[in-house]
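Protein chains: 2
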Amino acid sequence: MNILEKTKKTIQRYQLFNQGDRVLVGVSGGPDSVALLSILNALRHTLSIHLVVAHFNHNLRKNSVTDQRFVENLARSLQLPFISAQGHLRKSRKKSSVEEIARESRFKFLLKAAKKLRANKIALGHTQDDLAETVLMRILRGTGLGGMRGILPKRTLYGIIFVRPLIETGKKDVLDFLKERTIKFRIDPTNKTTKFFRNKIRKELLPLLERKYSKNIRQILANLSTTITADYDYLEQESGRLFRTFSPKNRSLKNIRFNLRQLEKIHPSLQRSLIRLAIENLKGDTRKFGFDHMSEIEDLLTHRPTGSVVHLPCRIQALKEKTQLSLRRKTTG
Amino acid sequence: MNILEKTKKTIQRYQLFNQGDRVLVGVSGGPDSVALLSILNALRHTLSIHLVVAHFNHNLRKNSVTDQRFVENLARSLQLPFISAQGHLRKSRKKSSVEEIARESRFKFLLKAAKKLRANKIALGHTQDDLAETVLMRILRGTGLGGMRGILPKRTLYGIIFVRPLIETGKKDVLDFLKERTIKFRIDPTNKTTKFFRNKIRKELLPLLERKYSKNIRQILANLSTTITADYDYLEQESGRLFRTFSPKNRSLKNIRFNLRQLEKIHPSLQRSLIRLAIENLKGDTRKFGFDHMSEIEDLLTHRPTGSVVHLPCRIQALKEKTQLSLRRKTTG
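Going down the list, the protein sequences come from chains A and B. In terms of this note's numbering, the first sequence opens at residue 1 and continues consecutively. In terms of this note's numbering, the second sequence opens at residue 1001 and continues consecutively.
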């Protein structure tokens, strides 16, 4: 199966596109996004989709402008609309890495650009190799089922659908395709350093695992992520249903209560999922909420007396009352 | 928290023992099982349990007899009943590794010994390090949610309950405990080689990951395994319920049928779980049944015409009929 057919299969399997979609393709100029643009351009008539090209210039290095011109010329040669913006990196908040801030500015630009060019979808060039790296990185940093989903082929964020048509395609196939068709691309030099954790995994750990432990490690991690995505989705669906029916009367934005007797009766897996949902409702996400916090809450429920409190990240606390567990945001002041 | 308290907590959390239990402790003479025996012996009055000691001599190496005498003396010094047996390694079946055969003979011996000494539980010395190794090994070899459960703290096999009270305790804590109390143990020299895949992970990969990628990797893998154990248990419970109600009339030991329309309506995660259950019912386990086989069946269901067949391992085939999916064992001849 060649890369065009393979991508088509991924598009079908996850229903990434509908007829008439206006798709903004994020192109850095690197091999993955250039290949994605070429592939989607080859498929656009079959799929009946319209393409526009977006490039974000991070200004992270000297050659940034050359990259931008390269992508602009590529879009022009394909007679596709082109939009770009420049980022100016400021280390605004503590604890954010350069990589994190860059990702965030790029994300904001893509949303804005899609709005401006009236695109209803954003396509990104992530490959199976990126997926494998992400899953491995999350395993090493500590994650539950949710984190092991890795990079999703399709995801709605802030009202726009992000799709990743190359997520089932290996990097090697991407490079072979570009070579075969003599398509030029730019190389992102940050990929050559092992400065960032992800790059260390990409350049050192995955090749080592491949060589000495598991020849198909990328495929294996991608498969694991695929099955777990479905499993997690099912658990989320079930706990979401439960959450909505559980104690809707007592719910507010600042205080979510669960009846202890009801909570006791449900499966531990759903219990955890419910508590995660409550945290998500209180603070927007569960990013700083890990295994140890969940264990503390479970210990609170099963072993500690009424009136006990567990302090969670982001000023959230869990209070064991006489008949209920109360999760709430601490009031400031 | 010292190791005695920690072990007690694990015993409580997973309800490993009941008052009056007669527990057969499997002791190789290595540090883990010697520590387990010492800890359970210290706790046996608090827990109201009775202990008996079992040793299996694999005859895999010269010092086997010394190991056996060592464990026998240890049991005698604690005034506990002792039972042992000798294994004679034959490479009876192809494709089984020496390690696999040894594990199997040991397992059979433990079942027999428990029966003979009227023990209702078998306690084994697996530590958190073993759990981390198992999870990592399964990830590298390719697994789904089920395999990531790793080593369970409590498991019923052939009517007897296997428990692992040290599964939340790190190897380092075990060694510290033995040193502190000057308790002697034997070292299994097979641990010193990196001949087997597991040993390579133990001696090379885990220390490398610990040093360069994730300081708490053992704890992290154990935590991952713990949450996934609960999630998998819930999925299994739900699909088991569904399986029993699905098409009970059409079920036989040789042919399990699912109505296609009904199958379509349920969540992909449960679909897979149902199909795994069917395979398990047909052939006893799902060991040779992997990601690619499941993908084949999904492709059969969604894209292939009526009458198409997918051939699965162990002479099982999936047939797409007009209104149903039929999973069956091929008849010989």
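Since the hints were made in silico from the structure, they are not lab data. None of these values were measured; they are calculated from a predicted model. Glycine included, each C-beta is placed from N, C-alpha and C at the ideal position. Check before you lean on any hint, since a few could be wrong.
[What the hints assert, rightly or not] Derived DSBU-like pairs: lysine-lysine, alpha-carbon spacing no greater than 35 angstroms straight-line:
no.	chain 1	residue 1	chain 2	residue 2
1	B	1200	A	288
2	A	215	B	1215
3	A	9	B	1283
4	A	212	A	108
5	B	1203	A	288
6	B	1288	A	172
7	A	154	A	171
8	B	1184	B	1200
[As the list claims (entries may be wrong)] Here are some chain B residues the structure puts well away from chain A; computed CB gaps all over 10 angstroms:
no.	residue
9	1085
10	1141
11	1144
12	1145
13	1200
14	1203
15	1213
16	1217
17	1230
18	1233
19	1238
20	1240
21	1272
22	1310
These are the hints, each one checked on the structure:
1. For a cut-off of 35 angstroms, the pair hint linking residue 1200 of chain B to residue 288 of chain A stands: about 34 angstroms separates their Cα positions.
2. The suggested pairing of residue 215 of chain A with residue 1215 of chain B holds, with an alpha-carbon distance near 25 angstroms, which does not exceed 35 angstroms.
3. For the proposed pair residue 9 of chain A and residue 1283 of chain B, the alpha carbon gap of about 32 angstroms is at most 35 angstroms, so the pair holds.
4. Our distance criterion of 35 angstroms between C-alpha atoms is broken by residue 212 of chain A and residue 108 of chain A, whose separation comes to about 41 angstroms.
5. Note on residue 1203 of chain B and residue 288 of chain A: the hinted pairing holds, with a Cα-Cα distance of about 32 angstroms set against a maximum of 35 angstroms.
6. At roughly 28 angstroms between alpha-carbon atoms, residue 1288 of chain B and residue 172 of chain A fall within 35 angstroms of each other, so this suggested pair holds.
7. Simply put, residue 154 of chain A and residue 171 of chain A have alpha-carbon atoms about 19 angstroms apart, close enough for the 35 angstroms limit, and the pair holds.
8. For the hint linking residue 1184 of chain B to residue 1200 of chain B, the alpha-carbon distance of about 26 angstroms falls within 35 angstroms, and the restraint holds.
9. At the 10 angstroms boundary, the C-beta of residue 1085 of chain B stays outside the reach of chain A, the nearest C-beta of that chain being 35 angstroms off.
10. Here residue 1141 of chain B does not stay apart from chain A, with its beta-carbon only about 7 angstroms from theirs, under the 10 angstroms limit.
11. Once the 10 angstroms rule is applied to beta carbons, residue 1144 of chain B is inconsistent with being away from chain A; the minimum gap is 5 angstroms.
12. Not every CB of chain A is more than 10 angstroms from the CB of residue 1145 of chain B (nearest about 5 angstroms), against its label as outside the interface.
13. Non-interface status of residue 1200 of chain B relative to chain A is broken: a Cβ of that chain comes within 10 angstroms, the nearest being about 7 angstroms off.
14. The Cβ of residue 1203 of chain B lies farther than 10 angstroms from every Cβ of chain A, with a closest approach of about 12 angstroms, so its non-interface assignment holds.
15. Annotated as non-interface, residue 1213 of chain B brings its C-beta within 10 angstroms of a C-beta of chain A; the closest such distance is 5 angstroms.
16. The beta carbon of residue 1217 of chain B is not kept farther than 10 angstroms from every beta carbon of chain A, the shortest such distance being approximately 7 angstroms.
17. Residue-level check failed: residue 1230 of chain B sits 4 angstroms from the nearest beta carbon of chain A, not beyond 10 angstroms.
18. Not every Cβ of chain A is farther than 10 angstroms from the Cβ of residue 1233 of chain B; the closest lies at roughly 7 angstroms, contradicting the non-interface assignment.
19. Its beta-carbon lying about 8 angstroms from the closest one in chain A, residue 1238 of chain B breaks the requirement of being farther than 10 angstroms from that chain.
20. A cut-off of 10 angstroms between C-beta atoms confirms that residue 1240 of chain B is not in contact with chain A; the least separation is 13 angstroms.
21. Under the 10 angstroms C-beta cut-off, the non-interface status given to residue 1272 of chain B relative to chain A is violated; the minimum distance is some 7 angstroms.
22. Listed as outside the interface, residue 1310 of chain B is consistent with that label: its C-beta sits roughly 17 angstroms from the nearest C-beta of chain A, beyond the 10 angstroms cut-off.
Figure legend: structure checked against the earlier numbered hints; hints not met, in rising order: 4, 10, 11, 12, 13, 15, 16, 17, 18, 19 and 21.
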